[in-house]
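Enquirer: The task is to assemble the complex, starting from two chains supplied on their own in separate frames and drawing on the hints.
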Amino acid sequence: MMTAPSTQTAPDGPEAIRFEHISIRFGGLQALDDVSFSVGRGEVHCLAGENGSGKSTLIKAIAGVYQPAPGARMSYFGETIPASSPPLARKKGVAVIWQDLALFPEMTVAENIAFDSLVGKPRLVNYGTIRETARTALGKLGVELDLAAPLRSLPISGRQIVAIARALASDARLIFMDEPTASLTQAETDHLLAVVRVLSKSGVAVVFVSHRLAEVLDISSRVTVLRDGKLVGVFDAAGMTQSRLGELMTGRQLNQAVSARDPGNAPVVLQTAGLTRAGEYEGVNLAIRAGEIVGLIGLIGAGRSELAHTLFGMTRPRAGEIRLAGKPVRFANNRQAIGAGVAYVSEDRLSLGLVQQQSIADNTVITTLRAISGAGGLISARRKSAAVTRGVTEFSTKIGSPDDAVSTLSGGNQQRIVLAKWLAISPKLLILDCPTVGVDVGARDGIYRIVRALADRGIAILMISDEVPEVYFNCDRILHMAAGRIVGEFDPRRTPIAELERTVYA
Amino acid sequence: MRDYLRTHEGEARILVVLALLMLVLGIASPSFFSASNIASLLNNNAVNVIWAVGLLVVLIAGGIDISFAVGASVVQYLTALVLLWLGGGNWLIGLVCAGVLGILIGSINAALIAGFRIISIIITIATFNALFGLLMFATSGRSIYDLPDWWTDRIGVISLGDGGTLTLPVAVMAASMLATWFLISRTTTGRQLYAFGDNPEGARRAGVATVKIQFIAYGWMGLMAGIGGLMQVNIAQEVVPNALIGRELDVLAAVVLGGARLGGGRGSVLGCFLGVLLVAVVQNGLNLMGVSPYAFKMVIGLTILAAISLTNVELMSRLTGRTWRRSHDQNN
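Residue numbers (the working numbering), protein chains in the order written: chain A, 1 to 506; chain B, 507 to 838.
So that you can see chain B by itself, here it is in the shape it has in the complex (with noise of 0.2 Å):
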């Protein structure tokens, strides 16, 4: 336990900030905690938790990805036009046609990074803006609604009880994250992208095949992606080409919320749920409160101001029982 807190400082940390706002919320607000909320929770936020393991293997191998949610929506159309030629297809189809597309945009975005050695931020926004204009240019900004029906429908998967029932994409995202957990904490494969966030030219010089790193980590990315535009589908019931615009900022703030370091090397995928789960509670609790909802995201932007410079360093080396200096300081 003190090991595990030692190297997940950031997880230990937005545990214990989510724990004491659900708490808040739940006394502030009694449906809070029934049943049908906590379902609408992780329904709802499902998806963000798929891009959000996605975008940490980036981030894990010194990375960065801006492009994903446009890359889900290019994914998205394609999928529904792929599956109206087909004549509807099923979930197997779907979801590896998905995947599939999903990887290319990724390998894309690999393929250029290593090969032009341009840093991750500028080939995605270019990809981001490139993406984004040829979707709006071919499709006119026309929305698909005639989906078949086995897309649309929702799976009830597991029932809380009380009217609250988790659907399809939660037993997806529960997945995800597993695979997620596996790559990067249980095959060589997943150390060798932390050791290339961490020391690109260590890993190198250590043998590490550092551009096949880096199409695993953007086509990781790229699966999560085209796994998670699926599912946006089976929530909204409709293919619109500009919906998905802005996710990737909410997703990448609470990954980083969730421990993951900017500039490689470290975070996890409990991080990643939780970094999700505490922008998603806040908003779910303004909501109840009745807030306005113009107040959401300068509420959000502050949550995560106080949640990353509030370094609760002491409180976590009391905890562990040693004190210990931020890395920063002593990697430079």
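Chain A extracted, bound-state conformation (with noise of 0.2 Å):
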């Protein structure tokens, strides 16, 4: 089902802004090309394209980071004006939050509000105007903090809040948040949603910026999709689906049919019984068969993760049992695991699964150490680049040269090299924890094909995720974990998606 483009206008009185016929170059890219966008007073706006859409370029573009080619029409609330700058953008009501929210942990909730009002001309430091600030500021929110805490006691969603209210203590009409939910639980987006909707209420507009939009859809009115520094188009987010956007921001129809399979009678690789850790997980049973790909949905915190750090042999049961190919195993640490066959992809990749700064070919190597080295235990240069070549090949992943650092390459490349590590020790299981994390929509069909490739061979896969679609479209079978214990067991052949997404999300 196509959704229309949008015909809705923005409500009475001119626009937060509107920007047109933005057209940005970097030497020999096309950044931006003929794109214009516009938010309406109080709006709740998306924006949506994959890594390099020229998302953030245009941001930049409004926020008067980069000038536009000649040619381009922006106003800001009516105004219009020739070019922009930072200042002026400020001046004019308009805040970006970045992703890392750019605070300052150790200084107090009240400074960090009122910091805006610290920079400029130097002079004394007036500590009750700074709380007063603070205070007025979280006031339209209608949230309460403790203003003299420091900021590095409040979880990440406090920290959020600190750094929306900032964005209002100076005067913020429209708020631009990059990435705002990409490290939240379900209940602190609620509370983030909250907030957003009392500042729409008061006519402040929030740009949401991400390629993760299924939980802000809801509360948006229009969605413009950015494709390869192009306007693919903007849309009533009522009716928009993350895989209709999907298809929108990569501009091809993905796979979106069940892959789901029977194992018959493979043998059963992984099996646990009443596996207990307390305040982690509770009575955990389940089985996994060879060739077989079982997906473990669950919100975070759920113990997803925790289960999957005691499978790996980073955590202890304190009862329970588990079989690996039908032995009883104790694991005492993650080397023993590795040895008898297990593998792990950790949910953060980019910190813990590579190490960004080293070689493609060490990084592929990591895992395989012994098995490369020669007489003396020094590593032999043959073995390992014979060793580096099969893994990438193996799944064509794209390098330039197997010396350049892993940072260089795509978030989905990245995930080839974690997958082609691990694969090298031949694994029994491979625990997939949230395998698609800040990949883009369109490099996730690869790493699933790879992930059913590996599964033909006879490995045995477990898919953590919290995202339904992930692992409806993706698994054999559907565990649903909630509180530490599996809740239900799904088969995405007979249940419609609809009733897992609501059973998960409920």
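A few of these clues could be false.
To be verified - Within a straight-line C-alpha distance of at most 25 Å, the following computed DSS-like cross-link-like pairs (lysine-lysine) qualify:
hint : chain 1 : residue 1 : chain 2 : residue 2
1    : A       : Lys91     : B       : Lys803
2    : A       : Lys121    : B       : Lys803
3    : A       : Lys92     : A       : Lys60
4    : A       : Lys201    : A       : Lys91
5    : A       : Lys140    : A       : Lys201
6    : A       : Lys60     : A       : Lys230
Calculated directly from the structure, the hints in this document are not laboratory data.
Expert: As structure tokens, this is what we get:
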């Protein structure tokens, strides 16, 4: 079903911003090509696009950091301006909250909110005024926070509230939020959305910038989609789905067919009975057969990753049993788990799964250093390069040179390197913890194909995710985890996706 | 009070340790609380406190300075030469001269750190070596004993009675503490120092002039290094080019002991004072108890390790009535 381009216009009065015919070039790269973008007063708007689609460039143009090529027309709150600059944009009420929030953990909540009043000409600090500014800004959000607490004592969601309050304290009337829900739990996301509703009602427009928009679509009125620096269109948020959005962002039909199969009588690779670790998970019984992909879905905090850590030997269960290929195992550490054929691709690939500054080659062979070592325990250059070539060609990973740093690769290609690294130990059980976090929609398909190919070789796979479509379309069987327990089991071939979504997100 | 404890956990902790230690020493050795002992404790540590508050500003701004003690030696020597050339001078000329020279040396560090974007520990180790080599080469290691009388005369400021008198360096220490407190707590520039040390990128985006901030931090350190050097001469009665080597690490340890964070964003003047005092009291106590001076360094090293690793988080959270996790857990 096509979603019709939006016909909805902004509420009365001039719009918050109207930028038309924006083109920006960096050297040989056309970052933005004749893009128009507008947001109504008090509107909640989504700006969607893959990494590299031009989202960030567009925000920076609106914030006055980049100047568009001649021919552009720009206006803030009905006032046309010939050229913008960061101070001008700020003065007109445009604020950008970047994903890292740019706050100061050691300073108090009050100072963080009123920080902009501390910049500029040197003068004396009036802490009374600072507290008053902070209180007023938080009051507009209907939130109460301890003003004297150091920011570091707040959870990420609290810091986000502080960042929003800081924007309000400098009279922002249009707030861009870069990937705001990326590190929030469901409850925290709900709280954030409640705050955004308050903002919207008071006439402050909010633009969510993200490639994961399922959570924010509900409260948005329109979605602007960018792809390769061009405007795909502006759509009504009502009736928009995550999968439709994925198609718009990538420009192609994604593989959206249930791929579940029956593993038949393949031997059971992993079996647990009554696995318990107080405060993390309880009474977990699961079985995965060779060649089977089992999805483990649950919200953040449900105990999914904690369970994975135990299966990988990083923590020890208090009670219960783990059997690997029929034999009971008790891992003292994860080296033993690796030795027994368990591989784990962690959720935080960027910091835990790869050594970003080291070369692609070094990262690929890090799990098999002993196998590529020759006499005297020294690494054999020949065996290493053979192993690297095998690892890279196996998944047709796009790399420059094996000696380049891993950080030079895209998210999708980094994930392939991680998979290659673990495949080198010929695992029996592969645990994937949120395998597509930070990977663009278009590149996800490639990863799913690899996962299916690995299963076809007889590897048992446990795929942890908090996105229902991910497990629904790629797993043979789905386990639902909540509050540390497995509370349900679903077969994608029998359960409609809507039912699964209702169950998980309820 | 609760708010203060929450943001000054380190200071509260060291105050408890210091109070307990002084109590034990007072009982073990009655002469500990005598006016003359207290006065000499403060007189002998005034210079370290002056340097400590200078270094504090650099640490708050996320940097470190290894070169300040050598810088102070260079300032001492040059100031002595200028004063001899002027035929004597007075306190005002001495202060201006030492202050300006100190700021110049600090500015060299700032220019190198901001200009080449190299981390401060590397730059200041380099300037430490360059300055020390230059000083020893130019002076052939010769000391200066022939100094103007005003510089070396002991000036009593406050009498504690019973033979204990606080001297000029203590008054200058108090002034330096007050000025540094005013800078970092009461001016917007000071809050920008904290912000820059806490999150440099966030500060830059908020419009903080980051290069200027670094010049202020290392300039202030230089100013305090110079003033401290001037006062050190008043105590030692001579200018010896290599006399101050090694003091930088004692001061650094004291500042960190006082709650300043390596990496920036946290630290206070009170903490610096308490940190220096803790090290001094341990040393003083060992002295009074007749322990060999060779054991001093070892005991001080152990004290620092104990004070920093005994994280009295539970104690503090009980005092403030709430729990919070250590900062590093949450920042990353």
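Enquirer: Evaluate each hint against the coordinates.
Expert: Quick rundown of the hints versus the structure:
{"no.": "1", "hint": "Lys91/A x Lys803/B", "in the structure": "57 Å, violated"}
{"no.": "2", "hint": "Lys121/A x Lys803/B", "in the structure": "46 Å, violated"}
{"no.": "3", "hint": "Lys92/A x Lys60/A", "in the structure": "15 Å, holds"}
{"no.": "4", "hint": "Lys201/A x Lys91/A", "in the structure": "22 Å, holds"}
{"no.": "5", "hint": "Lys140/A x Lys201/A", "in the structure": "11 Å, holds"}
{"no.": "6", "hint": "Lys60/A x Lys230/A", "in the structure": "16 Å, holds"}
Consistency note: the structure conflicts with the earlier hints numbered 1, 2.
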